[in-house]
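Residue-level listing of the chains:
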Amino acid sequence: MLLSLVLFAVGLYGGLVMAPADYQQGDSFRIIYIHVPSAWMSLFVYMVMAISGGIGLIWHMKIAEIVARSSAPIGASFTFIALVTGAIWGKPMWGTWWVWDARLTSELILLFLYLGFIALQSAFEDRRVAARAGAILALVGIVNIPIIHYSVEWWNTLHQGPTVTKFDSPSIHLSMLIPLLIMSLAFTSYYFSVMLTRCRSEILEYEANANWVKELLTTKTASI
Amino acid sequence: MNEFIEMGGYGKFVWSAYAIWLIVMVINYVQPMIREKKTVNELSKRLGLK
Amino acid sequence: MATRFTPFICILKRDLIIACRNRYELINPLLFFIMVIVLFPLAMGTDQTMLRDITAGMIWVTALLASTLSLDAMFRTDFEDGSVEQLTLSNYPLTLLVGAKILAHWLVTGVPLILVSLLVGYILSLSYAALMALFITLLLGTPILSLIGAIAVALTIGLRGGMLLSLLILPLYMPVLIFSMLAVNNANDGLSISAECYFLAGLLVLAITLAPVATAASLRIRLS
Chain A
142 MLLSLVLFAV
152 GLYGGLVMAP
162 ADYQQGDSFR
172 IIYIHVPSAW
182 MSLFVYMVMA
192 ISGGIGLIWH
202 MKIAEIVARS
212 SAPIGASFTF
222 IALVTGAIWG
232 KPMWGTWWVW
242 DARLTSELIL
252 LFLYLGFIAL
262 QSAFEDRRVA
272 ARAGAILALV
282 GIVNIPIIHY
292 SVEWWNTLHQ
302 GPTVTKFDSP
312 SIHLSMLIPL
322 LIMSLAFTSY
332 YFSVMLTRCR
342 SEILEYEANA
352 NWVKELLTTK
362 TASI
Chain B
1092 MNEFIEMGGY
1102 GKFVWSAYAI
1112 WLIVMVINYV
1122 QPMIREKKTV
1132 NELSKRLGLK
Chain C
7 MATRFTPFIC
17 ILKRDLIIAC
27 RNRYELINPL
37 LFFIMVIVLF
47 PLAMGTDQTM
57 LRDITAGMIW
67 VTALLASTLS
77 LDAMFRTDFE
87 DGSVEQLTLS
97 NYPLTLLVGA
107 KILAHWLVTG
117 VPLILVSLLV
127 GYILSLSYAA
137 LMALFITLLL
147 GTPILSLIGA
157 IAVALTIGLR
167 GGMLLSLLIL
177 PLYMPVLIFS
187 MLAVNNANDG
197 LSISAECYFL
207 AGLLVLAITL
217 APVATAASLR
227 IRLS
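Residue numbers (the numbering used here), protein chains in the order written: chain A, 142 to 365; chain B, 1092 to 1141; chain C, 7 to 230.
In isolation and in its complexed conformation, chain A is listed as follows (with noise of 0.2 Å):
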């Protein structure tokens, strides 16, 4: 958690202060900084998902199973603040809030499956019949993001012509790119330590029987 803080005090920083204004978008494309990173980490997360998921399914790994069930809280708040900052970012830029654009609306498609792993996992009581169900739902999803992701993409490019496209200068300036990636990388170190958090007391409340549970908490109430 220290070397994210850390890294997200750098890329702030560089991005916030350092890096100069966009010549056409001025100072709003710093919205940049916290979009791209929560984009890119929305799609890396449902993959460590289905991954982990799919590990759990064939060698009944329980931490594997762990794994997925705390990364899905995450991974679909990183969706969604890609999709609010998108929409602000929008909205100076584009003059609304929302448009059809592509890649919105994958985003949102992205969201949707997210939320309904969440609602799956919520409505059983055995985590472990939850877990191998998500997994399934995981695996079917990421089957389905490259169709849904150019699908998507093809019906807005036919259906209404082009519309805003972000980087259409081949090379963003290295100013600008070097906080994106520390950023990426901060965003990258903060999901793991959030996910291990989270995995943590998934496991405390799966093992509450358990005895090392029990020698755990003695030492550590004894040592209060």
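Bear in mind the hints are in silico, worked out from the structure with no lab data behind them.
One should not assume that every hint holds.
Claimed, not checked - One-sided excerpt, in silico: chain A residues whose CB lies under 10 Å from chain B:
#: 1; residue: 172
#: 2; residue: 174
#: 3; residue: 215
#: 4; residue: 225
#: 5; residue: 229
#: 6; residue: 230
#: 7; residue: 267
#: 8; residue: 294
#: 9; residue: 339
#: 10; residue: 340
#: 11; residue: 342
#: 12; residue: 345
#: 13; residue: 349
#: 14; residue: 359
C-beta: ideal position from N, C-alpha, C; glycine also.
Starting from the structure of chain A, add chains B and C where the hints point.
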């Protein structure tokens, strides 16, 4: 400093985006910690340690 | 002469006979379909040109909703009386048996839906080309809906609340809807629709190969 807050007229948008981001990130971080504390408390109660 | 397809045919026959005896279950989705179609002009006014523009989309969205609502029936009664459990215990590959159930479901709900859609499209004066495109896309698309839906039904079977089912599958249905509407719009403009049809056919093949496996796995998880 003022210039920094105004963001060339886009301050409203930039800062609201960052605010929402910060809120979501903090909630995400704090919520599992609270939950863990709760479970630990409950379990120790159940084990008769408290 | 018992081949490995004998049980497939047996289950297909059984499900079809059950469906024929329960005539109202057959008719209800169709009634729902027609009623929702009626809702659109009531909500949007009777402007002829505007209605003609949205007719195809209206038919597709309504068909999608109708098939979503009828999905629940695929396994519910069999799950309640325990015959799904019998299926999982049988010697034959569950994937094949599940495939038979999905096929039966499509024959019972998908095919009538296609016929009624064509009738409605004709009455609402769709052009001949658009009607043909509608027919082809529905023919290729509704089996995909049944196949993907089967996975979600198997996952949510026996759980409370039909909302969860719709939450899970609607995002997965979106590519089908997109391609179908592209095809219909192209046909309306006098363009070729083969690209979209190939895509839909590809999705159908993908769904036929993967969905029964995933459905069988979900059923096993639910019954374990």
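Hint check, residue 215(A) versus chain B [nearest Cβ-Cβ separation less than 10 Å]: holds (6 Å)
Should the interface hint for residue 349(A) be scored as holding, given a Cβ-Cβ cut-off of 10 Å against chain B? This interface hint holds because 6 Å falls under the 10 Å limit.
Per the CB criterion, is residue 339(A) less than 10 Å away from chain B? At 4 Å from the nearest chain B Cβ, residue 339(A) passes the 10 Å test, so the hint holds.
Against chain B, with CB atoms and a cut of 10 Å, does the hint on residue 342(A) hold up? Where the cut-off is 10 Å and the nearest Cβ of chain B is about 4 Å from residue 342(A), the hint holds.
Double-check residue 225(A) for me: the hint is only fine if its C-beta lies closer than 10 Å to a C-beta in chain B. This hint holds: residue 225(A) lies near chain B, its Cβ roughly 5 Å from the closest one there, short of 10 Å.
Against chain B, run the beta carbon of residue 345(A) and see if the smallest gap drops under 10 Å. Holds - the Cβ of residue 345(A) comes within 10 Å of chain B, reaching about 5 Å at its closest.
Under the criterion of a CB-CB separation shorter than 10 Å, is residue 359(A) in contact with chain B as hinted? holds (6 Å)
Chain B contact restraint for residue 174(A) - C-beta distance below 10 Å: Holds - the Cβ of residue 174(A) comes within 10 Å of chain B, reaching about 9 Å at its closest.
Hint check: is the beta carbon of residue 229(A) less than 10 Å from a beta carbon of chain B? holds (4 Å)
Just to be careful: measuring from the Cβ of residue 230(A) to every Cβ in chain B, is the smallest value less than 10 Å? holds (7 Å)
Are residue 267(A) and chain B close enough, Cβ to Cβ, to be under 10 Å, as the hint says? At about 18 Å, which exceeds the 10 Å cut-off, the nearest Cβ of chain B leaves the hint on residue 267(A) violated.
Was the hint right that residue 340(A) lines chain B, CB cutoff 10 Å? holds (9 Å)
Figure legend: structure checked against the earlier numbered hints; hints not met, in rising order: 7, 8.
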